[in-house]
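Undergrad: Chain by chain, the residues run as shown.
There are 2 protein chains.
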Amino acid sequence: MKRFAIGIDLGGTNVKAALVERGEGATNQTHRATDAEKGPDHVIDVMVDLVQEMWSHAPEDDITGIGIGAPGNINWDRTTLSYPPNLHGWDSINLQDEMQKRLGALVPIIVENDANVAGLGSAHYGAGRPHDSFIMLTLGTGVGGAIIHNNKIFRGTTGSAGEIGHMSIDYEGPVDRSGVAGSIEAYLGQNHLSQHARERLLNDDTTILHQMAGPDLEYLTPKMLHDAAIRGDQSAIDILSWAGHKLGWVISSVVHLLDIRKFIVGGGVSAAGDYILGPARKAIQQSVMPGMRSDIEIIQETLGNQVGILGAAHLIFQYLDEH
Amino acid sequence: MKRFAIGIDLGGTNVKAALVERGEGATNQTHRATDAEKGPDHVIDVMVDLVQEMWSHAPEDDITGIGIGAPGNINWDRTTLSYPPNLHGWDSINLQDEMQKRLGALVPIIVENDANVAGLGSAHYGAGRPHDSFIMLTLGTGVGGAIIHNNKIFRGTTGSAGEIGHMSIDYEGPVDRSGVAGSIEAYLGQNHLSQHARERLLNDDTTILHQMAGPDLEYLTPKMLHDAAIRGDQSAIDILSWAGHKLGWVISSVVHLLDIRKFIVGGGVSAAGDYILGPARKAIQQSVMPGMRSDIEIIQETLGNQVGILGAAHLIFQYLDEH
Chain U
1 MKRFAIGIDL GGTNVKAALV ERGEGATNQT HRATDAEKGP DHVIDVMVDL
51 VQEMWSHAPE DDITGIGIGA PGNINWDRTT LSYPPNLHGW DSINLQDEMQ
101 KRLGALVPII VENDANVAGL GSAHYGAGRP HDSFIMLTLG TGVGGAIIHN
151 NKIFRGTTGS AGEIGHMSID YEGPVDRSGV AGSIEAYLGQ NHLSQHARER
201 LLNDDTTILH QMAGPDLEYL TPKMLHDAAI RGDQSAIDIL SWAGHKLGWV
251 ISSVVHLLDI RKFIVGGGVS AAGDYILGPA RKAIQQSVMP GMRSDIEIIQ
301 ETLGNQVGIL GAAHLIFQYL DEH
Chain G
1 MKRFAIGIDL GGTNVKAALV ERGEGATNQT HRATDAEKGP DHVIDVMVDL
51 VQEMWSHAPE DDITGIGIGA PGNINWDRTT LSYPPNLHGW DSINLQDEMQ
101 KRLGALVPII VENDANVAGL GSAHYGAGRP HDSFIMLTLG TGVGGAIIHN
151 NKIFRGTTGS AGEIGHMSID YEGPVDRSGV AGSIEAYLGQ NHLSQHARER
201 LLNDDTTILH QMAGPDLEYL TPKMLHDAAI RGDQSAIDIL SWAGHKLGWV
251 ISSVVHLLDI RKFIVGGGVS AAGDYILGPA RKAIQQSVMP GMRSDIEIIQ
301 ETLGNQVGIL GAAHLIFQYL DEH
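Chains U and G are the protein sequences, given in the same order.
Following this note's numbering, the numbering of the first sequence begins with 1 at its first residue and continues without gaps.
Following this note's numbering, the numbering of the second sequence begins with 1 at its first residue and continues without gaps.
Possibly wrong hints are sitting among the right ones.
Unchecked claim - Per the computed footprint, the stretches of chain U lying under chain G, defined by three or more beta-carbons under 8 Å from a beta-carbon of chain G, are:
hint	stretch
1	27–33
2	114–122
3	148–160
4	169–177
What the hints assert, rightly or not - The list that follows gives simulated cross-link-like pairs (lysine-lysine, DSS-like), each with its CA atoms no further than 25 Å apart:
hint	chain 1	residue 1	chain 2	residue 2
5	G	K101	G	K38
6	G	K2	G	K101
7	G	K282	U	K152
8	U	K101	U	K38
9	G	K282	G	K262
10	G	K152	U	K152
Stated by the list, open to error - Here are the simulated distance ranges between beta carbons:
hint	chain 1	residue 1	chain 2	residue 2	range
11	U	Q234	G	R293	39 to 45 Å
12	G	T302	U	Q29	21 to 27 Å
13	U	D49	G	G23	35 to 41 Å
Treat the hints as calculated values from the structure; they're not laboratory data.
Beta carbons: idealized from backbone N, C-alpha and C, even for Gly.
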């Protein structure tokens, strides 16, 4: 049969796993705390436990392989995860070897960047399905990106392509966690956006966010901006619009470079929907050269974080098609 | 034998043609004034004349086809050139049909954007030869770009990929000919760079450019900036450095998005060499995230405009390999 693969989403807080039926989606799911502070060996054991649990649900042991989406650098062979930002004490680990050893089986195992698997998941199960080529943008703590070209991940020269979060729209702008000025992450990354809102609203008496976000707005989050915007709070609407305008400018640069005109947006901050995407669309019409403006679309991902785990499993299906 | 193709470089001032031997280079070359004001029919006749002249030099009539590099929009099928900026009265013309009709032969004819053929020419005959994937940047009146991925032109969704000249590094920056703020063309395009230098130097008594560029610096060109820089003129050096810094920032965005780390720079303005490229390299080290900084190289194209005509011919060799 060979219709099933296991997808894993390795995050700093939780490890999620799913049994995925090709073209259909997840038939079983589970998750467990990552407990990253217990070190890499523990984290790998957790992944192996979850794999075995999912495997037990597969009809006739029909597992074609295991795909893993993870933050951090992935080598060209997609076996090794290096320096994942939220997993302490983790240098470079060949997850394929480590997991095959523990599982006692040479089942195919592929590791890929989390933004890339989100893109692949969207391409085959989510909002990206109607489009052969599109850009995935995940607006979360960081801003991740992936290039899906002809339904595959475009990986570049070393496997690091798609770092849209670090593309700059202002060489003298605010600086992101990687030290890049004016990168889109420095505007839309969750902490950057919250901090910007805090500074901008501190002396703004008209916003209801002072009632929502504690003294000095210290608990302010993008979700609160969205909630306040829904309630008609103009200050919140203005800040989300400011962020959307910045998003539009980076999308414009991507359109000019790649002539790919469909953008799927996911991740927590994207929940603000048209409060961000409307102004982004408006900025695009002003920042893309006339000959390339047509057919540009920004689309919200509807599957949420689910795209990551589905995309991870799909790494295996795609690998099998090609080998 | 099938070793020869004809390459054409259709420019606003001249039409150039060459007989190109695969993997070797041009064995014969010719050119004639475009006389664009006489209209498209005349321009096509000129191209056909030059083709026939080159054809007569081919051993045993061994011509595999005709490749044409041209400014303007090219359709996905690479037959039709629309709205070339420097050719008046030219809407949309199917050059394949028109030339086959006049030649009385169904020889393969492929039209491609001029920056893209420059990239292809560099990949197979020029400074791009050692690299499977690189970005071509042509710094001229406009700033053109091409993505060469695995030795082929990356064309995007409609054939317009590679418009690096219109990528923005400052959403509130100066505006280019297409209305895009802070695009790299608005800094490094020949006229933009000259105008910037004129404004900046008008009241600068220390520069020798006042002796070179006429009253109010009205004849100032990037070449004069280069000449003055060679003579140690600090004002000229500073302006080329300013331009190089901007170039570095757009290269940084391209690296983040594509993880392609080799850049071949050609076109008239690139003659300023390290006066521009040195500061660009320095900016890259400050604007690319640490994990992606290694192995980035900016390389000057050594073949000059020759890459365009060689790349045009190579369109045919590549087409034959694939069909």
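Undergrad: Identify every previously stated hint that the structure contradicts and give their numbers, smallest first.
TA: 1, 2, 7, 12 and 13
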